[in-house]
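For the protein sequence lines, the chains are A and B, in the order given. With the working numbering applied, the first sequence covers 3 to 303. With the working numbering applied, the second sequence covers 124 to 458.
In case anyone wonders, no lab produced these hints; they're calculated from the structure. Honestly, I wouldn't trust all of these hints.
[To be verified] Below, in silico cross-link-like pairs of lysine to any residue (SDA-like), each with a Cα-Cα straight-line distance of 25 Å or less:
hint : chain 1 : residue 1 : chain 2 : residue 2
1    : B       : Lys408    : A       : Lys122
2    : B       : Lys191    : A       : Trp218
3    : B       : Lys374    : A       : Ala225
4    : A       : Lys136    : B       : Thr134
5    : A       : Lys98     : B       : Gly407
6    : A       : Lys122    : B       : Ile195
7    : A       : Lys215    : B       : Asp370
8    : B       : Lys449    : A       : Trp218
9    : B       : Lys161    : A       : Asn256
10   : B       : Lys374    : A       : Asp227
11   : B       : Lys325    : B       : Asp173
12   : A       : Lys182    : B       : Lys161
13   : A       : Lys50     : B       : Gly194
14   : B       : Lys191    : A       : Gln217
15   : B       : Lys191    : B       : Glu379
16   : B       : Lys449    : A       : Glu30
17   : B       : Lys161    : B       : Asp210
18   : A       : Lys122    : B       : Val153
19   : A       : Lys215    : B       : Ile195
20   : B       : Lys131    : B       : Lys325
This is what each chain is made of:
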Amino acid sequence: MKEITNKIQEIATRLFNEGKADVFLAWEKQGEDYQVKPYFARSIDDVKNIVFNEYSIHNLSNALLKLRDGHEKIGIVVKGCDSRGIVRLLEDLQIKRDRLYIVGVSCPGMKDPLVAGRNKSGFNKIQEEEGLAKKCQDCIQPNPVIYDELVGSEQAAKLQGERFAKIKAIENMTADERYKFFEDTLSTCIRCYACRQVCVACNCRTCIFDEMKPQWVGRENNATDNMMYHIVKASHMAGRCIECGECERVCPVNIPLMLINQKLIKDVNEFFGPYEAGMQYIEGAKPAMSMYKEKDPDNFL
Amino acid sequence: MKVLSKAKLETVLNTLNENTEVFVPMQKGVQSGYFTWKSFENGKDELMLDVLNVYHSPKNVVLPQTEKMYGIKSKGVEVNIDKTYEDNHPTLIFGARGCDVKGILAMDDVFLTRGYEDSFYKARRSNNIIIANACYNPGPNCFCNAMEVNPVDPVGADVIIRDAGDVYIWEAKSEKGEAITAQIASLLEEKDAKSPESKPFKQNVDYTGVAEKLKGMFEHPFWNKISEPCSNCGMCTYVCPSCYCFDIQVKMWGDEGYRFRAWDSCMYEEYSREAGGGNPRGAGKERFRNRFLHKLEFYKERYGTPLCTGCGRCIVVCPNDINIVKIIDAVKEAE
Chain A
3 MKEITNKIQE IATRLFNEGK ADVFLAWEKQ GEDYQVKPYF ARSIDDVKNI VFNEYSIHNL
63 SNALLKLRDG HEKIGIVVKG CDSRGIVRLL EDLQIKRDRL YIVGVSCPGM KDPLVAGRNK
123 SGFNKIQEEE GLAKKCQDCI QPNPVIYDEL VGSEQAAKLQ GERFAKIKAI ENMTADERYK
183 FFEDTLSTCI RCYACRQVCV ACNCRTCIFD EMKPQWVGRE NNATDNMMYH IVKASHMAGR
243 CIECGECERV CPVNIPLMLI NQKLIKDVNE FFGPYEAGMQ YIEGAKPAMS MYKEKDPDNF
303 L
Chain B
124 MKVLSKAKLE TVLNTLNENT EVFVPMQKGV QSGYFTWKSF ENGKDELMLD VLNVYHSPKN
184 VVLPQTEKMY GIKSKGVEVN IDKTYEDNHP TLIFGARGCD VKGILAMDDV FLTRGYEDSF
244 YKARRSNNII IANACYNPGP NCFCNAMEVN PVDPVGADVI IRDAGDVYIW EAKSEKGEAI
304 TAQIASLLEE KDAKSPESKP FKQNVDYTGV AEKLKGMFEH PFWNKISEPC SNCGMCTYVC
364 PSCYCFDIQV KMWGDEGYRF RAWDSCMYEE YSREAGGGNP RGAGKERFRN RFLHKLEFYK
424 ERYGTPLCTG CGRCIVVCPN DINIVKIIDA VKEAE
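Turn these sequences into a full structure, and let the hints steer you where they fit.
Given below as structure tokens:
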């Protein structure tokens with residue numbers, strides 16, 4: 003990891019020196035190893051603060067949304083999943099490719115800083131498993147799919163066993179069981195919208211949930227409004243979720259949001275595929291659910 | 124002194140629960156917060172009185188996330204309130220830490236003082252009892268001592284319990300506390316027990332002068348840097364024991380409906396959006412700055428104490444490692 007950090011710092015220095023970046027997105031550490039956060043380096047003086055360690059888990063492509071209206075040239079470090087986020091933003095026309103200098107890192111799998119923080123918090127009676135982050139255990143794409151420069155050696159996918167096993171278990175429930183499962187799970191939502199804020203596919207300038215006229219989803223914290231929020235959000239993810247798992251990772255009430263997203267990934271692939279969101283960038287290409295063909299199957303309607 | 128044997132804890136909770144809705148810190152499946160003792164399922168749920176704290180504060184007992192206010196019936200242009208839902212059923216928070224008690228006291232100041240009493244809050248709070256669990260072993264993110272909280276002798280508690288091994292030392296601190304003590308008198312024992320030793324705080328936070336200094340720092344460039352990692356979700360405000368902002372909205376079906384309030388967060392763009400579409404805090408940085416100025420400056424100016432209680436929850440849950448302690452340090456260091 004130290005080597006990767008050195009290499010990233012070298013690249014950032016070079017980009018600033020050559021005037022190829024006005025801002026460089028990476029991570030910084032403050033305090034303990036797990037206290038890592040997204041970092042916007044803006045000059046050579048900042049480069050020394052850049053870190054890539056086993057907790058650099060945040061999907062930085064989301065941070066590009068903060069810069070989408072500007073003209074700065076942006077250097078950005080991406081892991082496999084983050085790079086798929088960049089494809090998402092390019093396909094969604096949120097940022098221009100020529101503003102970006104993408105430093106790809108083949109990802110060895112990350113640990114979750116939130117788990118480490120919770121284990122140290124004193125709030126847990128039983129310590130959580132601190133190994134490979136849960137989201138990384140489902141990883142199918144550790145290597146960046148789009149980059150200008152690659153750091154680190156190619157990594158093998160971390161996923162063991164059947165990819166959609168958890169989804170099939172839910173599909174096998176009766177409709178009533180399934181409704182109860184999601185009603186129970188989603189009723190714990192506190193509507194902090196962290197799952198939306200960290201999502202790179204949630205890049206609408208005004209989110210439907212923030213609209214007031216009309217107000218599409220009520221603000222009451224109950225099973226009905228919570229389910230409305232999650233179902234509407236999920237349907238906007240169909241064919242667009244790049245499976246970075248950030249939504250589920252950051253949820254403060256531990257809602258297994260990737261179950262919903264993975265069901266959509268599976269369905270979109272079965273009905274409209276073969277299709278895997280954000281695996282390659284072809285200029286002008288459209289994600290599966292963003293266009294309509296007459297022959298599209300509709301037998302599920 | 125009076126002590127409560129831990130072996131009798133469940134009996135005490137059952138007794139209190141007879142005429143009061145009792146809330147306890149609990150691990151309920153994957154959820155960690157204050158839940159009703161009535162909902163406790165043996166073997167499935169776990170009481171969390173012996174950990175530092177739970178992830179969600181007890182503020183929802185006096186300020187529920189969603190609360191009905193008025194029933195409405197409309198007839199033509201005429202709109203009538205046909206019901207007011209003020210809820211004063213007795214509630215009891217068992218085992219709150221000092222930081223969380225301070226959170227409720229902060230809300231008392233907001234909702235009950237300075238010329239206006241919020242009748243909905245007042246109804247809930249007037250029949251609410253707090254049994255505090257004195258805190259002797261601060262966690263790595265704790266800094267309540269810097270935020271005017273006394274963790275071993277919290278102000279505002281009706282009863283304070285102190286963990287002395289097999290027993291809790293039981294000390295009534297108010298008339299309400301005396302009444303509760305009388306109610307469970309037969310379950311308490313007279314016995315000598317020793318309070319635990321206070322362990323030192325693991326971080327040293329210095330809040331002195333921060334509110335005053337912040338007055339001149341509204342336009343300080345450090346807000347740019349420090350707010351950049353924030354993704355503007357509202358998690359910090361919802362786990363916070365003292366964040367009290369709410370929004371009032373209406374739900375109607377034809378001619379009938381109700382008005383309710385629901386927690387809102389200053390982190391949301393919609394929160395400060397004005398009727399004409401303008402927004403004085405349209406940018407994420409502006410909302411971020413407002414949150415910390417409210418916690419550390421504005422509230423202190425109005426009520427004489429910070430709105431942050433030093434519980435450290437926002438530090439633990441923040442996906443982007445925003446740390447209020449580091450912000451206090453940065454204010455101190457800023458030129």
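Hint check results:
no.	hint	verdict
1	Lys408/B x Lys122/A	violated, 29 Å
2	Lys191/B x Trp218/A	holds, 20 Å
3	Lys374/B x Ala225/A	holds, 15 Å
4	Lys136/A x Thr134/B	violated, 40 Å
5	Lys98/A x Gly407/B	holds, 22 Å
6	Lys122/A x Ile195/B	violated, 49 Å
7	Lys215/A x Asp370/B	holds, 16 Å
8	Lys449/B x Trp218/A	violated, 38 Å
9	Lys161/B x Asn256/A	holds, 23 Å
10	Lys374/B x Asp227/A	holds, 12 Å
11	Lys325/B x Asp173/B	holds, 19 Å
12	Lys182/A x Lys161/B	holds, 21 Å
13	Lys50/A x Gly194/B	violated, 60 Å
14	Lys191/B x Gln217/A	holds, 19 Å
15	Lys191/B x Glu379/B	holds, 14 Å
16	Lys449/B x Glu30/A	holds, 14 Å
17	Lys161/B x Asp210/B	holds, 19 Å
18	Lys122/A x Val153/B	holds, 18 Å
19	Lys215/A x Ile195/B	holds, 21 Å
20	Lys131/B x Lys325/B	violated, 33 Å
In the structure shown, a violation is registered for the earlier hints numbered 1, 4, 6, 8, 13 and 20, in ascending order.
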